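Colleague: Here's the letter readout for the chains.
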Amino acid sequence: MMAQLLNGLQYGLLLFLVSSGLTLIFGVMGIINLAHGSLFMIGAYVAFLVSKATGTLWLALPVGVLGGAALGALLEWTLFRHFAKREHLDQVMLTFALILLAEELRWVVAGSDFHSVPIPAILDFSVPVTSGFSYSAYRFAVIAICLVLALALFWWIERTRFGAVVRASAENPEMVDVLGLDARRVHLVVFAAGTALAVVAGVLAAPLTSVYPGMGDSLLIISFVVVVIGGLGSISGAFWAALLIGLVDTFGKAYGPSFQGTGALGTLLAALSGSSVYLLMIAVLLWRPTGLFGQRP
Amino acid sequence: MIGPVRMLPKTWTGWALIWLGFAALAVVPFFATPFYVGLCTTAMIAAMLALSLQLLVGATGLVSLGHGAFYGLAAYTVYLLSPEGDAKPIWLTLPLAMLAAGMAAFLIGAISLRTRGFFFLMVTLAFGQLVYVIFHDTKLGGGTDGAYLVKPLISAFGLTTDVTSLPRSRRAWPAYYVALVQLVAMFAILVLLLRSMLGRVLEGIRVNEARMQALGFDTYRYKLAAFTIAGALAGAAGHMWAMQSGFVNPELVGWHRSAEALLHILLGGIGTLAGPIVGAFAFVFLDDLAQQVTERKLLVEGMVILLAVLLLRNGITGLRWLPNLPDRDPHASHDPRDGVVQQSREPEND
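Chains as they are written, first to last, in this note's numbering: chain U, 770 to 1066; chain L, 30 to 379.
Bear in mind the hints are in silico, worked out from the structure with no lab data behind them. As the structure is a computational prediction, the values presented were derived from the model and not from experiment. Cβ coordinates follow ideal geometry from the N, Cα and C atoms, glycine included. Do not take every clue at face value.
Claimed, not checked - Output of the computed footprint for chain U on chain L, the stretches with three or more beta carbons under 8 Å from beta carbons of chain U:
hint, segment
1, 145-159
2, 223-232
As the list claims (entries may be wrong) - For lysine to aspartate or glutamate, the following EDC-like pairs were computed, each having C-alpha atoms within a straight-line distance of at most 16 Å:
hint, chain 1, residue 1, chain 2, residue 2
3, U, Lys854, U, Glu943
4, L, Lys326, U, Glu943
5, L, Lys180, L, Asp166
6, L, Lys326, L, Glu289
7, U, Lys821, U, Glu872
8, U, Lys1022, L, Asp316
9, L, Lys326, U, Glu873
10, L, Lys180, L, Asp247
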């Protein structure tokens, strides 16, 4: 029970790192990035390659942050900047193409096998929480790093001068331009930051899930569910929704199958346990179509 | 009639080109090897799926990433209809597959259409994934590996075509012509639909939904009708896929299928009804050509999309030298945030 709670928390926080970038990029630039899951996958493979080359995971973290930001800036500069005003279909297709190319790149660099990534040696132990229950130190570390990053993101967006400009460009981009602030620089920085967050999430997740083809796809869709439930463009919404989804998904998958064999209802519940997240999304949409934290219509 | 329909040809040469195309498809088997007859059938199935999606994307301005769900659901319906291994006739399987897909589209549409713009895109993607998870995680349709199914019999009015009695070189013909008849029928249905009141209202919704609401149209109902019809038509495509290939697997339901259909629309031209057919054929043949040269399917697919989205902005049918096929509407709203802006500034009426 306790372990599932912590697992759910840790999963939810990782989801937040991915979906906060997604929602931020949408809010500020009006771009939907289907390739956001691929960035997560790239992060995981960076972790795999770096830990294979150097024998330790730690170097992958700065590589992920800097490389992710650089990749994000490059993508924004060469492609996404020119798609902000294009139609939905064009944006979907552009980012779908990037997904396919990322999978191709992954195949060239690392092949199509599953690879496990070792947990860093100094965190490869269990922390006793209560008598009779202990929990992986690495997972604790992931929770801590995610919380620090989340707090930094909140501080950056809500408390700094640059964050105020970011919020202003989400609200009214023309006004930002009129006031003589450089909206293009804001876009570049936001996109780079969002990319770096997704890549870092991938680095952190790699030892927990191992790395495999298509790993970004399912995460992308769950991140969309987070954004839908939290409300598009809302960072705090994404945070609470990510935690909710993390817990619901973990508990659903852990305890759902145990209903098997307890009558027709139990069998149904067991069958639906893998899709608890989507059922939650349906419920939220029926109740509030703009998400829990979205602006009320 | 009240003026020409945007997505249909404006001159008789445009129409002649379309019907000549269908006529050319009708004689293809007499000249092509069995492999290319099969490839054309595949292209026609892809064209049917893209054509059904065009009712949402091109005609109504709704970009759905969950359309593959209805396609896959129909294919699974064929599998579930013949559990004992006895083939069912097509006049039974086709309507039931379309009914199942249409009903699923009605339910999913009823919820997804409460949202707009990018929200709609994400919600349809999530619903598609829900259907995928159901077929992937449960034993309902063979689980992860999928399952072989008994192909429906091509049978109508008491006459049944026994494919195995044909000479080997002609075994691909029945499926080919069944697909062609369905493709032409679907095209004709959509032409009539676009010319009808429903089509006009959908066009109005695409250009300015708020104005249509102000005019007193319950736009939610019209969009739901379009979503349901598109789902049922996608079901016909999925049924045809089951009929040609003879097996189902969860990948049929996955969202990559929806993205491919969107690609066919983009490649052929978002502004014309014939676009998805042209795009599907172009892509299927390009893909086949590329696979003879290189093994890397994803690389080719990715590069084609990238080039199409960067250079071929009006699709193949939007190229200048083609006669009088309508261009993308320069006055249409292209701001991707439209849906959300509306959401925050205008009251919802549903």
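Colleague: Could you work out which of the previously given hints the structure breaks and list their numbers from low to high?
Modeller: Of the numbered hints, 2, 4, 5, 7, 8, 10 do not hold.
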